[in-house]
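Protein chains: 2
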Amino acid sequence: MRVACAQYAIRDGVGVANLERSTAAILDAARAGAELVVLPELANSGCDFPSRESALSIAEKVGDTKILDGPTLRAWQEAATETGIFVVAGFLERDGDFLYNSAAVVGPDFFGRYRKTHFWDDEKLLYEPGSNLPIFETPLCNIGVLVCYDAWFPEAARTLALRGADLLCVPANAPDDWVPEGRRWGGLTMLNVHAISHANANRLFVACANRVGDGYLGRSSIVDTTGGVLAFGSATEEELISAEIDVERVLREKQLTKRSHTFGDRNPDVYEELRSAEAGKPTS
Amino acid sequence: MRVACAQYAIRDGVGVANLERSTAAILDAARAGAELVVLPELANSGCDFPSRESALSIAEKVGDTKILDGPTLRAWQEAATETGIFVVAGFLERDGDFLYNSAAVVGPDFFGRYRKTHFWDDEKLLYEPGSNLPIFETPLCNIGVLVCYDAWFPEAARTLALRGADLLCVPANAPDDWVPEGRRWGGLTMLNVHAISHANANRLFVACANRVGDGYLGRSSIVDTTGGVLAFGSATEEELISAEIDVERVLREKQLTKRSHTFGDRNPDVYEELRSAEAGKPTS
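In the order they appear, the protein sequences are chains A and B. So the first sequence is numbered by numbering that gives the first Met the number 0: it starts at 0 and just counts up by one. So the second sequence is numbered by numbering that gives the first Met the number 0: it starts at 0 and just counts up by one.
It is worth saying that the hints were derived from the structure and are not from the lab. All C-beta atoms, glycine included, are put in the ideal place defined by N, C-alpha and C. Hints are supplied without guarantee of correctness; some may be wrong.
[Stated by the list, open to error] Capping the alpha-carbon separation at 27 angstroms, the derived lysine-lysine pairs in BS3-like fashion look like this: (1) B:K123 with A:K253; (2) B:K257 with A:K280; (3) A:K123 with A:K257; (4) B:K123 with A:K257; (5) B:K253 with A:K280; (6) B:K257 with B:K123; (7) A:K253 with B:K60; (8) A:K123 with A:K65; (9) B:K123 with B:K65; (10) A:K123 with B:K280; (11) B:K280 with A:K257; (12) B:K60 with A:K123.
[As the list claims (entries may be wrong)] For each label pair, taking beta carbons as the anchor points, the in silico distance ranges come out as: (13) B:R274 with A:H260: 13 to 21 angstroms; (14) B:M0 with A:A31: 38 to 46 angstroms; (15) B:D47 with A:G212: 27 to 35 angstroms; (16) B:R248 with A:G95: 25 to 33 angstroms; (17) B:N131 with A:A31: 44 to 52 angstroms; (18) A:S130 with B:V13: 28 to 36 angstroms; (19) B:D47 with A:W177: 37 to 45 angstroms; (20) A:H260 with B:S56: 43 to 51 angstroms.
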């Protein structure tokens, strides 16, 4: 199957322009032969809002999953139905007075939602966290979703892998990652490095779509089950990247050699601290 | 403090040559001003043995940690005592009729041992696994050790980080990593990628010393707490790489922003599968 990632500039706090831009990206990807396209995080809204009220005013409700409520969500559903493509895209979700940094998995006769579970800094003040890491069993493959900072947590990628994900989709708004440019080997951002590490450690495919422009780093990437980079976006330009992936490899390549297995080689007996919710927490 | 990694060719199944080469590497590092040097995995023996008996015959006992039993271990202890340097190096260990793929942490008046906990393929037939992931509290800093394939398990690096490691030392014998060269971004091997990912996700320093020559990939690396590459070895040549690191950064940089903390941002509620020893295991 052909997977694409669309990286483009998003306008913060403006609904209509983002609806149009994101829908155009979906149609571009379908025309380019992609069966699935990943868009950036918060693709209906951007991530910088003057106030909570302003965020609430452009956040979208899911409503009935057959005919979605929010205008951008509905536009994505129509584009998916029209072209047959699957879309994984971040969106600002409203449910009552609560806000979520969510991702939609939209396909012909398919809707799934993930709510971001790891928050960067002030995001904690705005959003409610999701309560699980779901697997979306689409006709294409089993999809796991991590939204931006989620991908910094190796536990999250591993959990999705253990639950059977074939493909990790990562909508992101990743800005400068604090690594001085001279020390950023091969021009890889940390989102790229984590994507390659997750792909290799878990033997699954990873597709990251990162916002570009306005300080966002672009560098969208599609990574194969070995950790090989199949497609890599520019740091500055709007771009659709795509690659052919063979999802059967995920199942085949968990068994690495006669006696080595990606998950079977784990040694949970020695991971004591991972089981503790308190381990390493800051003391205030 | 200055950290060094020595990458060089090891001779499989030959004790004396490896004793001399490893001791020379330690003295080189001390002369270059390093306070700590990492050597490759199984630095006293190599990793390819004609038989179990042959491996047992060159494996070394630890014995009394004040005056170590094995000749290579003792040579490292003498070099450390003479120069004041700390050494983290892989060694083939024998305890009765059991073999371990171990790492020694040797310093003036200091000895610690870690036994590898994740085995690649046929290693399972030769070695007994270690039963824990210790932290070595040296006067320089808190050291955690992962031996080669251990570093492919994000749980292991995270566990050591949660236990307070400032510096992860990774002695390795990493050969070709199956990523086609054209897809190996920036010439990074998977050992490099995992090292950068662990450093950034856990905000600690990582120093990997990888064997070179005979199909081993070299590319030793020293990585800072952001994931920035401070020193990077050749893919083909014997080399001592080194870098200055500020271990105080580890403590300082766990608090990423006012509201973000490397460990505090974890969400263990959603990592259900990580707590299961059976999750993802192959069915036979």
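So, going through the hints one by one against the coordinates:
The suggested pairing of K123 of chain B with K253 of chain A holds, with an alpha-carbon distance near 17 angstroms, which does not exceed 27 angstroms. The suggested pairing of K257 of chain B with K280 of chain A holds, with an alpha-carbon distance near 14 angstroms, which does not exceed 27 angstroms. At roughly 46 angstroms between alpha-carbon atoms, K123 of chain A and K257 of chain A are farther apart than 27 angstroms, so this suggested pair is violated. Restraint check: the Cα-Cα separation between K123 of chain B and K257 of chain A comes to about 11 angstroms, which is no more than 27 angstroms; the hinted pair holds.
Of the supplied pair hints, the one linking K253 of chain B and K280 of chain A holds, its CA atoms being roughly 10 angstroms apart against a limit of 27 angstroms. Restraint check: the Cα-Cα separation between K257 of chain B and K123 of chain B comes to about 46 angstroms, which exceeds 27 angstroms; the hinted pair is violated. The suggested pairing of K253 of chain A with K60 of chain B is violated, with an alpha-carbon distance near 36 angstroms, which exceeds 27 angstroms. For a cut-off of 27 angstroms, the pair hint linking K123 of chain A to K65 of chain A is broken: about 31 angstroms separates their Cα positions.
For the hint pairing K123 of chain B with K65 of chain B, the CA-to-CA distance comes to about 31 angstroms; that exceeds 27 angstroms, so the pair is violated. Of the supplied pair hints, the one linking K123 of chain A and K280 of chain B is violated, its CA atoms being roughly 35 angstroms apart against a limit of 27 angstroms. Of the pairs offered as hints, the one joining K280 of chain B and K257 of chain A holds, with about 14 angstroms between alpha carbons and a cut-off of 27 angstroms not exceeded. For the given pair, K60 of chain B sits about 53 angstroms from K123 of chain A by alpha-carbon distance, which is inconsistent with the 27 angstroms threshold.
The given range of 13 to 21 angstroms is respected by R274 of chain B and H260 of chain A, whose C-beta atoms sit roughly 19 angstroms from each other. Evaluation of the 38 to 46 angstroms hint for M0 of chain B and A31 of chain A yields a failure: the beta carbon distance comes to about 52 angstroms. At about 52 angstroms, the CB distance of D47 of chain B to G212 of chain A disagrees with the hint of 27 to 35 angstroms. For R248 of chain B paired with G95 of chain A, a C-beta distance near 43 angstroms fails the hint of 25 to 33 angstroms.
The hinted range of 44 to 52 angstroms is satisfied by N131 of chain B and A31 of chain A, whose Cβ atoms lie roughly 51 angstroms apart. At roughly 57 angstroms, the beta carbons of S130 of chain A and V13 of chain B sit outside the given window of 28 to 36 angstroms. Checked against the hint of 37 to 45 angstroms, the C-beta distance between D47 of chain B and W177 of chain A comes to roughly 41 angstroms, which is consistent with it. Look at H260 of chain A against S56 of chain B: about 31 angstroms separates their beta carbons, and that is not inside 43 to 51 angstroms.
Hint compliance for this structure: hints 3, 6, 7, 8, 9, 10, 12, 14, 15, 16, 18 and 20 are broken, all remaining hints hold.
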